[in-house]
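**Q** The lines below spell out each chain.
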Amino acid sequence: MPKPLVRVNEFVVKFANINGSGSASANRLFARAILRMGVAATPRNIFPSNIQGLPTWYEVRVSESGHLGARGGVDLMVAMNPQTWDKDVASIEPGGYLFYDSTRPIPAQKFRDDITVIGMPLTALCNQEYSDTRERLLFKNIMYVGALSALLDIDVAELEKLISEQFKSKEQLIAANVHALHLGRDYAHKHWSCPIGLRVRRAETVGNRIFIDGNSAAALGAVYAGATVAAWYPITPSTSLAEAFERYCKRFRVDKEKGKNRFAIVQAEDELAAIGMVIGAGWNGARAFTATSGPGISLMQEFLGLAYFAEIPAVIFDVQRGGPSTGMPTRTQQADILACAYASHGDTKHILLFPEDPAECFAFAADAFDLAERLQTPVFVMLDLDIGMNERLTEPFQWRENRRYDRGKVLHFEDLDAGKEFARYLDVDGDGIPWRTYPGTHPKYGAFFTRGTTKDAFARYTEEGAPYVENMERLLRKFETAKTLVPKPVLHRASQESRFGALYYGSTSPAMEEAAEMLAAQGITLDRMRIRAFPFDDSVKSFIDEHEFVFVIEQNRDAQMRSLLLIECDADPRKLIRVLHYDGTPITARFIAETIAEKITFSRVVPLRKALP
Amino acid sequence: MTFLPKPKLHHPELPRNALGLTRRDYEGAVSTLCAGCGHDSISAAIIRACYELALPPHRIAKLSGIGCSSKTPTYFLGQSHGFNSVHGRMPSVLTGAYLANRDLIYVGVSGDGDSASIGLGQFAHAIRRGVNMVYIVENNGVYGLTKGQFSATSDLGAKSKKGMTNRDQPIDLTGLALELGASFVARSFSGDKNQLVALLKAALLHPGAAFIDCISPCVAFNNHPGSTKSYDYVRAHNEAVNRVEVILPREPITVEYAPGETVAVTQHDGTVLQLRKLAADYDIRDRAAALAFLAARRNAGEIVTGLLYVDPEAEDLHTHLQTVEAPLNELEEDVLCPGAKALEALNQSLR
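Top to bottom, those sequences are chains S and Z.
Counting from 117, one number per residue, gives the positions in the first sequence under my numbering.
Counting from -4, one number per residue, gives the positions in the second sequence under my numbering.
Quick caveat, the hints were computed from the structure, so don't treat them as lab data.
Each hint can be trusted.
Stretch by stretch, here's where chain Z covers chain S in the computed footprint (C-beta under 8 Å, at least three residues): (1) 334 to 344; (2) 364 to 371; (3) 392 to 401; (4) 505 to 515; (5) 542 to 556.
Cβ-to-Cβ under 10 Å is the rule here; a few derived chain S residues that face chain Z: (6) Leu151; (7) Asn324; (8) Phe327; (9) Ala347; (10) Lys374; (11) Gly375; (12) Lys376; (13) Val382; (14) Leu388; (15) Gly421; (16) Ala426; (17) Arg520; (18) Lys560; (19) Ala563; (20) Phe564; (21) Phe565.
With a straight-line cut-off of 25 Å between C-alpha atoms, the simulated SDA-like cross-links for lysine to any residue are: (22) S:Lys560 x Z:Asp98; (23) S:Lys284 x Z:Asn342; (24) S:Lys277 x S:Arg152; (25) S:Lys372 x Z:Ser344; (26) Z:Lys3 x S:Gly535; (27) S:Lys374 x Z:Glu325; (28) Z:Lys142 x S:Gly568; (29) Z:Lys1 x S:Ala573; (30) S:Lys560 x Z:Glu8; (31) S:Lys277 x Z:Leu345; (32) S:Lys604 x S:Trp515; (33) S:Lys525 x Z:Leu326; (34) Z:Lys1 x Z:Ala24; (35) S:Lys119 x S:Glu209; (36) Z:Lys336 x S:Tyr364; (37) S:Lys376 x Z:Pro202; (38) S:Lys374 x Z:Asp98; (39) Z:Lys3 x S:His558.
Computed from a prediction, not measured in an experiment: that's the story for all the values here.
Each residue gets a CB set at the ideal place from its N, CA and C atoms; glycine is no exception.
Work out the full structure: start from the sequences and follow the hints.
**A** Following this line, the structure appears as structure tokens:
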């Protein structure tokens, strides 16, 4: 047997549970206690499209060095689900640990001899302690957290504190949970030598960071940005964004005196209606958004074209997952890049923002509303399930006290009354952005008729070719203006000059950073650029130009960002090398590092032209 | 075809309404529909209704889907913002616009293809949400712009211009609107302008989802013998249940009818709908009875017109959502943004 793993503050614990067994809050308690000890811990929920019965996992990566991406592999498996036992046991690293419920005997051949096995008769202990079935189920979870706290040397005071915060003043519940916690902890202390080789030691790596999921962060950003109309249709993994918006609105947006809402949320009949409402509200001068996922984006296509051509602000949060409708709705991907960038028929291009974590979900959500109104066009905030639905340690949210909303070019009553000229689609400022008016502004001036492209610069009906071309050219100029307004890419130069570059975006970020360290340790250095928006900043093209090869790291099969780069930056396809991870699990540092190392080695022995991309 | 502006000159003695505006101030661009199209009569009725009610044109928003009917908002209320949106999706755009600003008057113009075929879902949901609007379907039972295909309101057995017979069941949008909870349901005929103007006025003043199904013959593709939406057919089968007279809160009631002949419905904004009953047994406040009446008369081959149902206590979407009185599009940072301090407190709770 290999030596049992000995690791302090750097390991992965995975809980294998059954959906609907109440394990989620116990597992969350476990992760938060580690965070409270000042050690970075990143949980990832791996769940099925199901309410009860199917397997679900909760993976916690403990990393004092601050790696928040998925690592791959498991050091301690908490195997609570007989359905997935074989796979779960097989996934443990050699020298790792297996914690399981030993109430029912499990045949010897179901174990491995290269891991440490810790069996605790959880069901038996619970049945002995509790008579109520529900209590037996729920406290079993708390009991294993208690046992783990002993095994991993987690400060029990932090756990107790979290329990009392969770149940606030419900003394009875607090006492019952703390009791179950200690039952588990005491059992562990009595039966095993604690801690095991894996342990948590108090540290100072969390700092003032906060712990929240990206969907909630984006919803809060929308509240701060002054969104008043939200129209949506339930779809995993975006539903919790709309629900969080409602939660924050109830907290921050109710006129306390009159009990009236300063927001309107409509659960639409489908995604078509949802985006239709957003466009109607945007046309009428309210900040409006919808939250959806890939299948919803597909349904919205016709409307997105209208919004692009009619120049109506709209914000769309796309929390990406696998496609199509029965396509891994609970698994993560970055597979809507092209569907969003060129959404709809005709010549259209849209603005995309790629947040890397909850802090950017908040910031980009707020920016998206300014951009949508400034540029009078749809803006997509491209989250994915990995950052959308998982809590993540992230920088605290920031809001400049006197930040004003950029409502864009709008002529108000006073402007029109003073005789300011109005032509809805005329480029008066040379930036491609025309002026607009809200319906109902002035009795005599400023009314216009909104339609697609059969119009001239004065919004009068025409099917002539020249005004059409003129309008389409102006829309291109507007897209150039967008380039100057969207978030710039973030460049990380390698410690020494490198002929290799890496382009990546969104939730891939922490895994990429860690992979770069792993590669550097092998002597492979990479300059890295994190794309944060489309249209691409000019520096993206220069980054490609100045490197011999650029790896494009993505979580989809078809290298969609690479295609977008080829089209928009006119890049040499032989230079852009695909690094693709798309099995529905979050991309890992190990995967990136191994793939890049392999491709570089390969490129050294085979003539470049044949080997790449 | 490009935009045709209408000359703004008019007779100096043209009568003016309470706002000092003439009927011409409610007109739009010159229509590009076929000569004799029923839709042009509806546009004229909308112009007259808005003029007579002295509605400020700029406070009206007109929205439409796609099709001949949906082109018409260009031809009336030139001083109003208009939105020619997506086929069958006007209801959602109108709903969103209404959410943003509850103070404007919303006129949704659609056709039978736009509402009963491609847009049936959005029609249903906008009605059941109680969006405060006037939803007019200019119903000619045929696709005009694509030259004569049947629509979902084409009657069973109706003959197309090319001689085809429709074998699908028709959708009666008034019946659907009643089922879905519309608080104002009417049917009219573009050839009966007096009835239509009165119904439009009542609908414009109704504080909830008002639906008007207006039979509007297509002279190009559905006005031949064998059609059930031709001028001749509708005139021959039109059975009006009542005549409506709208009385504003500020106006004295001048119309006098013999007792028993009329019924007055007071809406909660004070407007009175004075109705001269033509069908003695018809109660316009009884939804179930209206449905039964419609079904019975349809079986008898009649096209029932008039105000079919009204709920004087109608509630609208904003009431359900408990939104503030001020239009949402007028709210600013001071009430919308919780500010830096609240954010710091929130950050603290997430540690």
